[in-house]
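Those protein sequence lines, which keep their order, are chains A and B. Mapping to full-length UniProt numbering: the first sequence position 79 is 79, numbers consecutive. Mapping to full-length UniProt numbering: the second sequence position 146 is 146, numbers consecutive.
Read the hints as simulated data drawn from the structure, not as lab findings. One thing to keep in mind: the hints can contain errors.
Once the Cα atoms are required to be at most 30 Å apart in a straight line, the calculated DSS-like pairs of lysine-lysine come out as [claimed, not checked]:
| hint | chain 1 | residue 1 | chain 2 | residue 2 |
| --- | --- | --- | --- | --- |
| 1 | A | Lys452 | B | Lys45 |
| 2 | B | Lys205 | A | Lys121 |
| 3 | A | Lys193 | B | Lys240 |
| 4 | A | Lys23 | B | Lys236 |
| 5 | B | Lys240 | A | Lys55 |
| 6 | B | Lys205 | A | Lys134 |
| 7 | A | Lys290 | A | Lys386 |
| 8 | B | Lys240 | A | Lys67 |
| 9 | B | Lys240 | A | Lys306 |
| 10 | A | Lys55 | B | Lys205 |
| 11 | A | Lys404 | A | Lys355 |
| 12 | A | Lys447 | B | Lys67 |
| 13 | A | Lys190 | B | Lys45 |
| 14 | B | Lys67 | A | Lys23 |
| 15 | A | Lys290 | B | Lys240 |
| 16 | A | Lys416 | B | Lys236 |
| 17 | A | Lys386 | B | Lys67 |
| 18 | B | Lys45 | A | Lys416 |
| 19 | A | Lys190 | A | Lys471 |
| 20 | A | Lys355 | A | Lys386 |
| 21 | B | Lys236 | A | Lys55 |
| 22 | A | Lys291 | B | Lys236 |
| 23 | A | Lys272 | B | Lys240 |
| 24 | B | Lys45 | A | Lys386 |
| 25 | A | Lys272 | B | Lys236 |
| 26 | A | Lys290 | B | Lys45 |
| 27 | A | Lys67 | B | Lys67 |
| 28 | B | Lys205 | A | Lys193 |
| 29 | B | Lys240 | A | Lys291 |
| 30 | A | Lys190 | B | Lys240 |
| 31 | B | Lys45 | A | Lys67 |
| 32 | A | Lys290 | B | Lys236 |
| 33 | B | Lys205 | A | Lys416 |
| 34 | A | Lys67 | A | Lys121 |
| 35 | B | Lys236 | A | Lys306 |
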Amino acid sequence: MAAAPFDIPILGDPAEHPIPALKPDAMAASKPYLAAEAHQQPLGFPGELTEGWEKRAVEHMGSLVSKYRSLQVYMDICVKCGACTDKCHYFLGTHDPKNMPVARADLFRSVYRRYFTPAGKMAPGLVGARDMTKDVLDEWFNYFHQCSQCRRCSVFCPYGIDTAEISMAARDIMDSIGQGQKYCNEIIGKVHKIGNNLGLPAPALIDTLEGLEEDMLDETGVAVKMPIDVEGAEVLLVTPSADFFAEPHVLGLMGYAKVFHAAGVSWTLSTKASEAGNFGMFIGNYDQMKKISMRIREAARELGVKRIIFGECGHAWRVAYSFLNTLAGPWDFLDPRYPVPQHILEFTNDLITRKGIKLDKSGNDGMVLTVHDSCNVARGARMGDKPGGQFTIPRAVIQASVPKFVDMHPDTICDKTFCCGGGGGLLTDELIELRVKGASPRMEALKDVVDKEGVTHMAAMCAICKAQFTKILPYYDFDREMVVSVHQLVSNAIVLGDND
Amino acid sequence: MTIFFAILFSVSTLVFVAGLAMKVAQYARTPAPLKIPTTPAPLTKGGVALRLGREALLFESLFRGNKLLWLFAMIFHLGLAVVLIRHARYFETQVGPLVALVQPLAIPAGLAMVAGLALLLARRFLIPRVRYVTGPSDILMLVLLLGIGISGMAMKCLVHTDIVAVKAFFTGLTSLELRPLPGDPLLGLHLLLVCLLMIVFPFSKLLHAPGLFFSPTRNQTDNPREVRHLAPWAAKLEEKG
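So that you can see chain B by itself, here it is in the shape it has in the complex:
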């Protein structure tokens, strides 16, 4: 089990990082030939940074569009954020201040994450419009995340695993040293699903996380009359005449 997960974790981390880097590079490389911010839009780069910040942290547009969905999404993402920060303790020898800060929130955050996911899944079945646009992959993605959340919460609350050993395994992994991983089936399931998530991430709709920052309707300044915006391929058209 130790060797299996050592390999799997390394491979899936590699797929995650390399895959994500490739997609981000692709988005960055692809030109945006026209100014298409959804207006009213900020006139300055600072304004754009604020707009993107509000979208990323407060889900501003979603709030304007659908309050209930916004609430469900917030519950899930906030829960996930706290849980992710907390998991840093398995990778760092010295527990940082941020991790210590969110430590008391571990259980509420885990519950919020699972509850948020369950609500998001339920609306895919209960709202006909959403059911219409839902495909198998949309369901599977929620199920995968739920599996990770539930198995994690089960270890936290019901069937405890040896987290000191888990931490030793991961800190060992980061310093290229193989230390034994506890053989609990729940832990195995949890890690397996996390690896699967990392592998799927760069090829799935989870790209919405980095993608938001490359969305031209959100990340462009509203200054087309002041500054001439010209994509490289459009400039070539001009040279041809």
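Next comes chain A alone, as it looks inside the complex:
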């Protein structure tokens, strides 16, 4: 690894979790690229800041506060107790006090107080109220793009204040006045125009899938299919477009295909709904989130499927599990015997339990696995029919596929899991310092089990986690191929060919 132009955090013992001393303004210069007019206008946002933006920002804030109870309540009730101050991976990795959740929220709250509370109008100094100025806006742009909306702070807040809600609102306000983020808005534009985040057009997609079918035939001797746009299939699989393109994602995609094959369930991908991710959530925009979700509804209608299953993706699963019914429902035209949508891990786990598929652990010989609970799966969604299924189901599938599995330190898994450091619209090269530093709590817990338990691989169930870890593992002297898809393990272990 070439020397990074910044210090790589030193990894300690996750059991001690020392709280770093404050380094004010350590990340004051970290910010993503500003969206250009070409990225803003397809989404209906103004191309740049224009005269009077301050007033429009405050008006938009007023409108959001009246539309989102979360925002209204969270603006009012924070007591600044500080329980959240040592919980954010970006604070732990960067030591910048503005990355403490309460301090981040206060960047927004200070403006809310100035314009919407009697105390802030009468005595701004007393309650820390600030006018909406360019300096404040710049601070918003930098620090609301240092939040991956992972919700770890909300777990420990005595009132459940969720900084994700606040950073989404801040980003929505910034978009509405012409101060958007290039990465997210450019990607959303691609979804509208082409159908997926990576901008893979249908012919390229079909070509890729044919290639993968050939690979699987060569490797297994079994003709495992990757159907796309097949009308009348039982299942529509919606998966992050990185699954068609990047490693280890694509190895997971082959795993899904093998599971469908072995189970004998007809399925199809869709060129229209060729993206599970929904970046509308990252920018806090309900309309965008709805518009992106509607592509899935249209595809399901057109193909006449009976069920919808989502591939491995974190924020995507949150939008799918928690919001899809709201945004694109009702789903009364699908088979009522199955929840809408289902997660591929629910599907595979069910098959394993019912012995509908056979797994041979020797396919993963020599591997010692741990699992990274993706933040938005862990704290923003569920799998199965019991609370906490999002923790037990992936573990059950992994354990059924590999010879040895160990969990990382209990303060870093399940609902206390740390974000990979690249979620929430931050998976972009200009934020690499933030991403590397934000990953340090996860790297610390990983190093611990590598050293003590001989862990060789870490399974992830999110396209962003997989891409982020592949990129940042080498900064911590780990092999980039240490991160694997959960269904990659299934793919290695599954017994094909005798599915009678």
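Given the coordinates of chain A, assemble chain B onto it according to the supplied hints.
Same frame as chain A, but now just chain B:
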């Protein structure tokens, strides 16, 4: 003094009740367009009630987040709860069973309240992270509560006031009858600060008390796949197409 406090108490009670009612109505009226419980979350309304109960009474999340702060917060809030219950005796002619029950705890509870507040104040200065997020209003709020606690404890333990007369004043007030209030300066200070607290309450972070029950990450059931959740403004978007 009697007339002054009769007016002040009536006004501040009105501000407190009306202000709080307005905020609660605002929270209740504002839609929650998306299902955002912090998961794992309860699947049923009964489960949600238990979750909120544990948060309100045991400070469950805070316990997971910060044990020392949890202890300080518990000391203060438990002390405050007992002290508040005990103060009901100044407003009811017949002392109820609950008030009688906590009566022996009066002094320990008062001390706990003051000690808890002092600890909470001290950490605002001693822990750099907490000092960073502390503003003048956060300090003033603790000082105000400390002032109320200390003046109250001083009357209880050091400079006694005529509590029979105080009770007569307040029971009189509730039946719209003006009875004289003792002219002790400590009592005056105590009541003044309490009035100030009531006036400030609906406009301050003290809204965390009712606010907890409206926090969507805590009060929502985890059933988005089973039940379609649609806010009125989002439903209107659908009609437009």
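Problem set entry | Which numbered hints fail | 1, 4, 13, 16, 27 and 28
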